[in-house]
Amino acid sequence: IDVILAVDLSESMLAKDAPTASITTKQRRLHLARRKVRVMMEMLANERIGILAFAGKPIVLCPLTTDHNTCASWLDSFKPHLIPYGGTALASTIKKAIPMFATSGHNSRALVILSDGDDHEKNTLKAAKEAHKKGIRIYTLGFGSTELSTIPASQLPPPQPGQRPDNRPIQTRLNEKLLQMIAQNTKGIYRKAEASHRDIKMIYEHARRFLKARTHKSQRLVIREERFPVFASIGLLFLLFYWGFRESKE
Numbered sequence: 201i202d203v204i205l206a207v208d209l210s211e212s213m214l215a216k217d218a219p220t221a222s223i224t225t226k227q228r229r230l231h232l233a234r235r236k237v238r239v240m241m242e243m244l245a246n247e248r249i250g251i252l253a254f255a256g257k258p259i260v261l262c263p264l265t266t267d268h269n270t271c272a273s274w275l276d277s278f279k280p281h282l283i284p285y286g287g288t289a290l291a292s293t294i295k296k297a298i299p300m301f302a303t304s305g306h307n308s309r310a311l312v313i314l315s316d317g318d319d320h321e322k323n324t325l326k327a328a329k330e331a332h333k334k335g336i337r338i339y340t341l342g343f344g345s346t347e348l349s350t351i352p353a354s355q356l357p358p359p360q361p362g363q364r365p366d367n368r369p370i371q372t373r374l375n376e377k378l379l380q381m382i383a384q385n386t387k388g389i390y391r392k393a394e395a396s397h398r399d400i401k402m403i404y405e406h407a408r409r410f411l412k413a414r415t416h417k418s419q420r421l422v423i424r425e426e427r428f429p430v431f432a433s434i435g436l437l438f439l440l441f442y443w444g445f446r447e448s449k450e
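So the sequence shown is numbered by the numbering used here: it starts at 201 and just counts up by one.
Check the hints yourself; a few may be wrong.
[Unchecked claim] With a cut-off of at most 25 Å between alpha-carbon atoms, the simulated DSS-like pairs for lysine-lysine come out as follows:
#1 K216 x K329
#2 K329 x K226
#3 K333 x K279
#4 K329 x K387
#5 K377 x K401
#6 K333 x K377
#7 K279 x K329
#8 K401 x K322
#9 K296 x K226
#10 K257 x K295
#11 K216 x K296
#12 K257 x K279
#13 K387 x K295
#14 K296 x K377
#15 K334 x K322
#16 K226 x K322
#17 K392 x K257
#18 K387 x K279
#19 K387 x K334
#20 K296 x K279
#21 K216 x K295
[What the hints assert, rightly or not] Here are the simulated distance ranges between beta carbons:
#22 H320 x T224: 17 to 25 Å
#23 P361 x A221: 21 to 29 Å
#24 R408 x Q363: 40 to 48 Å
Think of the hints as simulated: they come from the structure by calculation, not from any bench.
No residue lacks a Cβ here, since even glycine has one placed at the ideal position from N, Cα and C.
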């Protein structure tokens, strides 16, 4: 399986409404997302992975590779100021991921989006359908609460050079419906992020079951094609033997 992990680094991911092991304690959405990426990388130890980060625009941090150490080196940089574009661009992120699978088998492509679904683009489902036509299954992992959460301006990163400071707080909630539809349109699955890792285990098992089996099937087809030269050689030997026997008889 080739897996691209797309991580939402927008400011809404700073909301402190993600679950922890304690019922009474919450953590930032982004902190939990970072943990999920680490665990998924461990699960995908024998697979190629890539990393996309996105806010108002997507950025490729690591193309598909088996060098997981290089990908892991980006994890500590997962902060909103890494991408100097505000907002959440899910459609652009999906479109950015499609060419990253150029060297992948058609039935071995999985895109995992870790986001709160607080989307600012209108053609996200259309982009998901385009990805599905390219053989990509999209798995979505939703972070935060469906209840409104407020992030005070004091907890937001400082403005980029040349930008005016904005002292308004951010109000955000998990958009489960959009994330569910993205997954459904590409035959993937949606899960809400939990403090445990049961959510990503379910995503991993689904991907292995529906992607790996088809990849093995295509490999068997390739093996059958590679046997053709052997049989062709045998047939040629019989043909030469036949013509030699005919000439000697004549």
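Against the structure, the hints come out as follows:
Simply put, K216 and K329 have alpha-carbon atoms about 32 Å apart, too far for the 25 Å limit, and the pair is violated. At roughly 35 Å between alpha-carbon atoms, K329 and K226 are farther apart than 25 Å, so this suggested pair is violated. Proximity of K333 to K279 is assessed by CA-CA distance (about 32 Å); at most 25 Å being required, the pair is judged violated. At roughly 10 Å between alpha-carbon atoms, K329 and K387 fall within 25 Å of each other, so this suggested pair holds.
Only pairs whose Cα atoms come within 25 Å are accepted, and K377 paired with K401 is accepted, the gap being roughly 21 Å. Between K333 and K377 the CA atoms are separated by roughly 22 Å; this keeps the pair inside 25 Å, and the hint holds. For a cut-off of 25 Å, the pair hint linking K279 to K329 is broken: about 29 Å separates their Cα positions. With a C-alpha separation of about 31 Å, the suggested pairing of K401 with K322 is violated against the 25 Å cut-off.
Under the criterion of a C-alpha separation no larger than 25 Å, the hint pairing K296 with K226 is inconsistent with the structure, at around 32 Å. Annotation: proposed proximity of K257 to K295 holds, straight-line Cα distance about 11 Å (limit 25 Å). Our distance criterion of 25 Å between C-alpha atoms is broken by K216 and K296, whose separation comes to about 29 Å. For the given pair, K257 sits about 14 Å from K279 by alpha-carbon distance, which is consistent with the 25 Å threshold.
A distance of roughly 17 Å separates the Cα atoms of K387 and K295; the hinted pair therefore holds under the 25 Å criterion. With a C-alpha separation of about 22 Å, the suggested pair K296 and K377 falls inside the 25 Å cut-off, and the hint holds. Taken as a hint, the K334 and K322 pair is honoured in the structure, with Cα atoms around 21 Å apart against an allowance of 25 Å. This hinted pair does not check out: K226 and K322 have alpha carbons roughly 31 Å apart, beyond 25 Å.
A C-alpha spacing of about 24 Å is found between K392 and K257, which places the hinted pair at or below 25 Å, so the restraint holds. Note on K387 and K279: the hinted pairing is violated, with a Cα-Cα distance of about 30 Å set against a maximum of 25 Å. Only pairs whose Cα atoms come within 25 Å are accepted, and K387 paired with K334 is accepted, the gap being roughly 13 Å. A distance of roughly 20 Å separates the Cα atoms of K296 and K279; the hinted pair therefore holds under the 25 Å criterion.
In summary, the hint linking K216 to K295 is not supported, as the alpha carbons are separated by about 29 Å, beyond the 25 Å threshold. For the pair H320 and T224, the supplied restraint of 17 to 25 Å is violated, since their beta-carbon distance comes to about 33 Å. Taking the beta carbon of each, P361 and A221 are about 40 Å apart, not inside 21 to 29 Å as hinted. For the pair R408 and Q363, the beta carbons lie near 44 Å from each other, so the given range of 40 to 48 Å is met.
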